[in-house]
Amino acid sequence: MQPQPGFAVFGGEAGTVTVDGSAGAVQTTGMQFASSGYVLTGDTLTLVADADHPAPVEVRVGDGSAASNGYVSTISNVIAGTDGLRKTGAGTLVLSGTNIYSGGTTIEAGTLALSGAGSIGPGSLQIDAGVFDISGIGALDMTIHNLSGSGGTVQLGTKALTIVQDQDGSYGGILSGTGTFIKTGATFSYDGDGSGFTGTTSVAGGTLLIGSDDVHSGARLGGNLDVTNGAVLGGHGTVGSGAGSVVTVQSGGTLAPGASIGTLTVDGDLVFNAGASLQVEVDPASSSSDLVHVTGAATIGGGSVAHIGVDGGYKPSSTYTILTADGGVSGQFDSVTSDFAFLDPFLAYDGDDVNLTLNRNNVAFTDFAQTFNQKSTAGVLETLGSLSALYQAVVVLANDDETVRQIFDQLSGDGYPSANGVLVEDSQHVAEAVNARIRSAFGTVAASDAPVIAYGEVPQGGSKSNEAIHGMLLPATTDRAAAWATAFGSWRDNDGDGNAAPISSSTGGFLTGIDSAFGDNWRAGVIAGFSHSSFNVDDRASSGDSQNWHLGLYGGGQWGAFGLRAGAAYTWHDISMGRHVAFAGLDNSLSADYDAATAQAFAEIAYDLKAGQFGFEPFAGLSYVTLHTDGFSETGGAAALTASSTNTDVTFTTLGLRASSNFDLGGTTVTARGTLAWRHAFGDVTPISTFAFAGSDTFAIAGAPIARNAALIEAGIDVALSPYAKLGFAYQGQFASAMKQNGFDANLMVKF
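Following our numbering, the numbering of the sequence shown begins with 1 at its first residue and continues without gaps.
To be clear, the hints were calculated from the coordinates, so they are not data collected in a lab. Keep in mind that the hints are not guaranteed to be accurate.
[As the list claims (entries may be wrong)] DEER-style ranges, computed between Cβ atoms: (1) Ala-541 / Asp-353: 14 to 24 Å; (2) Gly-252 / Gly-631: 57 to 67 Å; (3) Ala-389 / Asp-334: 29 to 39 Å; (4) Val-9 / Ser-251: 52 to 62 Å; (5) Gly-252 / Ser-135: 24 to 34 Å.
Glycine included, every Cβ here is placed at the ideal spot set by N, Cα and C.
Sequences and hints are given; from them, build the entire structure.
Structure representation (structure tokens):
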């Protein structure tokens with residue numbers, strides 16, 4: 001062969017073909033041996049794929065005839081390249097060189113045999129049909145990487161084959177021979193028929209599954225098998241060839257039947273050496289478990305440990321058979337351990353069986369709790385009976401401090417009292433709107449001068465139709481009966497306190513009122529409106545919203561620089577909440593709809609100070625808010641809560657300073673206004689809800705606290721666009737150590 005890349009066909013009378021690389025590397029895009037007996041020798045041959053001959057590069061032995069089943073061709077020189085090798089054709093390809101090609105080896109038909117020092121490249125081996133035969137290699141052992149495929153045969157003869165799994169993989173073909181099969185690396189699933197293999201298998205690293213799932217429970221690997229230190233044997237199939245076969249789990253090795261719940265059959269004897277482990281799972285929905293079925297005798301050496309994992313969840317106080325031996329069980333496990341926080345495992349032996357029982361230990365649920373809510377929730381869970389689905393889900397939790405605490409937090413329902421805190425704080429929107437209207441009515445410092453709709457006599461001397469229309473929109477300070485409206489919105493983040501989770505909320509709505517002057521210094525009216533509040537407690541997978549209807553009375557007076565404003569309001573809340581509680585053994589989507597109501601009374605005194613173009617108003621405010629929440633019951637699963645009705649009473653005091661100034665900007669009148677204040681809250685600043693699970697005692701849960709001390713900031717600007725139009729913007733902020741609230745409004749006032 002000369003350096004002429006192309007697909008080579010060898011036909012006619014067979015003989016020896018020498019690869020001559022003296023004029024350069026010899027490449028081929030593939031080969032077909034259409035006659036039997038060809039031998040390639042000489043210099044390195046490089047396999048190269050192209051558009052017409054894609055990788056892996058095909059090497060075919062045979063011409064499609066029945067006679068070609070017996071064709072044999074040999075490549076004894078070194079094969080190189082990066083595009084892999086694909087064996088096709090019914091005949092046999094013998095590789096006797098020390099090959100260095102990469103890209104993997106695929107067997108689709110016929111036989112790929114290794115002879116002498118022969119090898120395949122260092123890549124993976126995939127067998128979908130045909131035979132991979134190492135029985136003729138000169139060395140005693142061979143190593144390949146990443147065995148995979150759905151069929152075919154691996155023929156060891158008396159040789160040793162080591163499989164290094166660089167990644168999880170599986171093989172579903174036949175394994176035969178009397179040699180040694182060694183498995184290392186990642187998880188390898190053998191799903192084929194290895195009943196004809198009578199040698200020894202060594203699980204020297206990683207996990208070997210005989211039958212990866214129930215579908216492959218017919219998988220079988222004959223002969224003897226050793227599980228070495230750090231390795232795992234599992235699966236749903238059968239290991240061993242009957243009498244005389246022994247499966248030995250050495251010190252540090254693990255036998256883990258199933259792959260999920262399943263039975264591994266040992267057709268022969270089973271021996272646990274000192275330091276070996278048996279690891280099982282059980283089904284929480286039944287009395288079934290992982291099981292090792294031994295057709296011969298099982299011998300348990302001293303120092304062996306049975307370990308019970310929590311992957312599947314468990315039913316406490318149930319008995320599970322985890323090992324049965326037709327020829328009897330001798331010896332005992334020295335100890336049994338588990339990953340459970342609240343259950344201890346016990347083993348019992350009855351001659352042929354090893355049985356497992358899980359019993360409640362003396363570790364209290366509250367031993368894991370740290371916060372008030374965790375302790376309260378954990379304590380009441382103990383009052384549930386052992387037949388409770390919720391109790392059964394909690395009692396089988398893994399022994400992991402953080403996980404257990406997170407589950408107690410999930411179950412606590414702290415989103416409900418936190419939402420109550422949001423509704424209490426949202427009540428300030430009504431009080432702020434009323435105070436702003438009274439200030440506007442008397443034209444005090446930093447008051448908005450948005451026009452109002454007023455009714456009265458048509459001014460003298462004008463067109464009744466036009467003057468009536470113009471007279472409908474009047475300054476906020478009109479002494480007529482006036483109607484007004486405002487829209488509001490805010491966004492709040494409460495970081496919680498390490499007990500209750502953070503809650504974010506938003507509120508938007510509108511308020512409208514009608515008021516009239518009484519005497520020379522008084523004004524009073526009524527207010528009504530609607531708003532929508534939403535809240536999210538992401539750490540608890542909880543969210544909700546509230547539809548709010550507002551109604552109230554207000555009034556105020558101004559005597560020179562001194563002002564008084566006051567009001568009372570009532571709000572009806574229609575609330576919907578939902579949350580998702582999910583952990584091993586429980587998955588509930590819970591929801592509740594319920595009603596609540598807020599009543600509040602508020603008052604403010606202030607004093608106007610003028611200094612040229614600037615105005616200042618120190619003020620002091622007092623408000624009392626009481627929120628009543630009706631009782632309700634969640635629906636959606638065992639973790640559902642029943643809540644008692646609750647009252648949350650909070651008093652707010654506010655001290656602050658308002659300021660405003662008018663100035664001319666390019667012929668346009670601009671009013672800048674701002675507020676800086678300190679708000680203090682006392683009373684039920686940590687909202688509390690009282691809950692019960694089905695069949696439990698009641699318990700109290702605290703929500704995210706209302707800030708005891710907060711800074712209030714407002715900054716606004718009004719711009720006169722024309723004698724008949726004014727555009728206004730305002731920002732309102734509230735800031736505390738663990739809470740921040742931002743609100744914005746914009747309004748365009750037009751007089752027609």
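What hints, given by number in increasing order, does this structure fail?
-> Going through the list in order, the structure violates hint 1 alone and respects the others.
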